[in-house]
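Enquirer: Protein sequence lines, in the order shown, are assigned to chains A and B. Reminder that position 110 of the first sequence reads as 110 in the working numbering, one-by-one numbering, no gaps. With the second sequence counted from 1, adding 1000 to any position gets you the working numbering.
Any given hint could be a false lead.
Once the Cα atoms are required to be at most 25 Å apart in a straight line, the calculated DSS-like pairs of lysine-lysine come out as [what the hints assert, rightly or not]:
| no. | chain 1 | residue 1 | chain 2 | residue 2 |
| --- | --- | --- | --- | --- |
| 1 | B | Lys1091 | A | Lys53 |
| 2 | A | Lys384 | A | Lys314 |
| 3 | A | Lys266 | A | Lys281 |
| 4 | A | Lys201 | B | Lys1091 |
| 5 | B | Lys1194 | B | Lys1091 |
| 6 | A | Lys201 | A | Lys281 |
By construction, these hints were calculated from the structure, which means they are not laboratory data.
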Amino acid sequence: MGEAKRINTGTHFMMGNQACVEGVIAAGCGFAAGYPITPASEVFNSLCKQLPKAGGTLLQTEDEISAVCAAIGASWTGLKSMTVTSGPGISLMQENIGLAVATETPLVIVDVQRLGPSTGVPAVGMAGDMVQVARGSHGDYQIIAICPESPQEMFDMTVHAFNLAEEYRVPVFVMAEGFIGHMRERVVIPDESEIKLVNRKITQGGETSTRCDFLDPDVAPMPVFGRGFKAHVTSSCHDEHGTRNLSDPDVMHRYIMTPIQKILSKRDRIVEVEADYEGAKLVLVSYGVVSRSSRQAAAMARAAGLKVGTLRLKTAWPFPEKEVRAAAESADFVLVLENNTGQMYPYIKAESAHACKIDFLGPQVLGQIHDPQYILAKIREIMK
Amino acid sequence: MSEITHPLRKYMRPQVKKTTFCPGCGAGIITQSLLRAIDELGLTMDDCVFVSGIGCSAWIPSPLLNADTLHTTHGRPIAFASGVKMGLPDKHVIVVSGDGDLSAIGGNHLIHAARRNIDMTVILVNNGIYGMTGGQTAPTTPYGLTTITSPYGNAEHEFDISALVVAAGASYVARWTTYHPRQMTKSIKKGIEKKGFAMIEAIAQCPVQFGRVSKQGSAVNMLKNYKQNGIRVEKAAKMDAAELQGKIVEGEFVDLDKPELISSIAAALQRRTGGNK
Chain A
1 MGEAKRINTG THFMMGNQAC VEGVIAAGCG FAAGYPITPA SEVFNSLCKQ
51 LPKAGGTLLQ TEDEISAVCA AIGASWTGLK SMTVTSGPGI SLMQENIGLA
101 VATETPLVIV DVQRLGPSTG VPAVGMAGDM VQVARGSHGD YQIIAICPES
151 PQEMFDMTVH AFNLAEEYRV PVFVMAEGFI GHMRERVVIP DESEIKLVNR
201 KITQGGETST RCDFLDPDVA PMPVFGRGFK AHVTSSCHDE HGTRNLSDPD
251 VMHRYIMTPI QKILSKRDRI VEVEADYEGA KLVLVSYGVV SRSSRQAAAM
301 ARAAGLKVGT LRLKTAWPFP EKEVRAAAES ADFVLVLENN TGQMYPYIKA
351 ESAHACKIDF LGPQVLGQIH DPQYILAKIR EIMK
Chain B
1001 MSEITHPLRK YMRPQVKKTT FCPGCGAGII TQSLLRAIDE LGLTMDDCVF
1051 VSGIGCSAWI PSPLLNADTL HTTHGRPIAF ASGVKMGLPD KHVIVVSGDG
1101 DLSAIGGNHL IHAARRNIDM TVILVNNGIY GMTGGQTAPT TPYGLTTITS
1151 PYGNAEHEFD ISALVVAAGA SYVARWTTYH PRQMTKSIKK GIEKKGFAMI
1201 EAIAQCPVQF GRVSKQGSAV NMLKNYKQNG IRVEKAAKMD AAELQGKIVE
1251 GEFVDLDKPE LISSIAAALQ RRTGGNK
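Extracted from the complex, chain A is given alone in its bound form (with noise of 0.2 Å):
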């Protein structure tokens, strides 16, 4: 019996939260830490079972804290790692967060987000996390943040974000909902040669003291633990070298300032969206699951000879001011569409605001998915 194949290339009829795990071992992941929580758990569950087999490890942790933990030391020894949550246990996590942005760690976090706050309700899914994660923990970063609107999307943007976290050295975070989580359609897993993969670059050595393992703008090579490099890895403020340093103002600076211009400066080659708006009077702008609904509105409102486009957020941060701008110069109206009561509406508010009107519609009843005669209704009250 030769080697069962890693990837499991094919037409699937699959679950978003499996498509999550194809993409996981796709991307070649070498570790995982989780704790169970609906509406993830199937993430971790089934990694469970096909991660070992695929050459990686995994721990089931006591909380979700010690998983984000244990990712990121595990990372720090050159493994592709990852964690699995939702909107609590990301609450939990939120302090090495902050760590790993710091020590510049490339991680995956998978959040398959749930109606909240506090325990809320397990198994409805709500795009509450979306501005935790980029800014829950405390002090002034950036991490990345992309939102798949589709199971198919669960496996191309987990292999994605494995990319970017390795390419950046920096958190990632695959915002799904549990509506997308637990929906099942159709996914194409490409032959193995097809699924582009990044490494992270490592350093060729040298002394610590010298070489420059953080803080470069364009991404430090990496002095992952094991190999000789003597790595001064603290979540201090620390300068180029990881020595820490709490007294020149000029470190301080450069130790939030690069790690932010580390991603702020490749954010053209980060940010991704889908615009289809030439021409609208008015856009809809959208990210995850709510873009299913949003382009349906559209198409139905252009059928009845309404000027409606369509902006989707693929990348929610860093935030894709830019984008969202150009569609706003080019409308009259900006209608935002969000699974929440407006996470990202006055992000979205900010680059709109002084280019046309600008209004925010949330689900008909939160925990639902926008209804397309929902939104043509409102489209239709605003452009009569």
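Based on the hints, put chain B in the right spot on chain A.
Expert: Leaving out everything else, chain B in the frame of chain A:
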């Protein structure tokens, strides 16, 4: 003129010229015990990865030791170390942190790592107080002691951390005071060599905080107290609670061999798949 260099200096980062420890701190003795253990075992620093949390003793490995060091958030070093060990099962993963870090904010990680019996060595430096933040009551602060956060006397009972970790399932647990650095070295060696979870609880003097509030005073007086009140576990077993009042029970509390986490995972996978992945 030739320069005299400490024989253990070679294990420290050359660019680090000073420690952050207060005069009289027990951390220096523990650093020596740790480095002597590594030296006597014939290990190099590249055989080890050191992980620490937040607090005075978390500064023993970082930035001092010329090795891969991961200085983490408060309470979490064992959680980080678990990921490091999963990624580098052939390295000795050594956690050095304090009683507040590992038994208060990080207590859950301590007991679960012991329960899993993951192969790592934890040096838990217990000074009975929060030193770095200015002398607050810790879970290890003696009952009745007056501190800055217990101005009317500590109303809480102190943790017996070694007993906790034994109960949680560790393979090796020992406790020594800084008056017994040779025994401590020996236990650290056994802990590093133990295939499983090992903890050495190092009782350490903090003259600046604990010494002041306990009226034990200087480091020398605190060490004398360790000498007078330190009692071997074998002898303590024959004493009653009244006799043990104020004593520090020292020695090995457990030393056993049982299946370790990472080798258990590998063995289970091998059994179920027959090596065919």
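Enquirer: It remains to establish, for every hint, whether it holds in the given structure.
Expert: Hint check:
The hinted pair formed by B:Lys1091 and A:Lys53 meets the criterion: a straight-line CA distance of about 23 Å does not exceed 25 Å. Between A:Lys384 and A:Lys314 the alpha-carbon distance is near 30 Å, which puts this suggested pair outside the 25 Å criterion. Proposed proximity of A:Lys266 and A:Lys281 is contradicted: the alpha carbons are some 31 Å apart, above 25 Å. Between A:Lys201 and B:Lys1091, the direct Cα distance comes to roughly 22 Å. Compliance with the 25 Å bound is thereby established for this hinted pair.
Between B:Lys1194 and B:Lys1091 the CA atoms are separated by roughly 13 Å; this keeps the pair inside 25 Å, and the hint holds. Distance check on the hinted pair: A:Lys201 and A:Lys281 sit about 46 Å apart at the alpha-carbon level, beyond 25 Å; violated.
The structure fails to meet hints 2, 3 and 6 from the earlier list, while all remaining hints are met.
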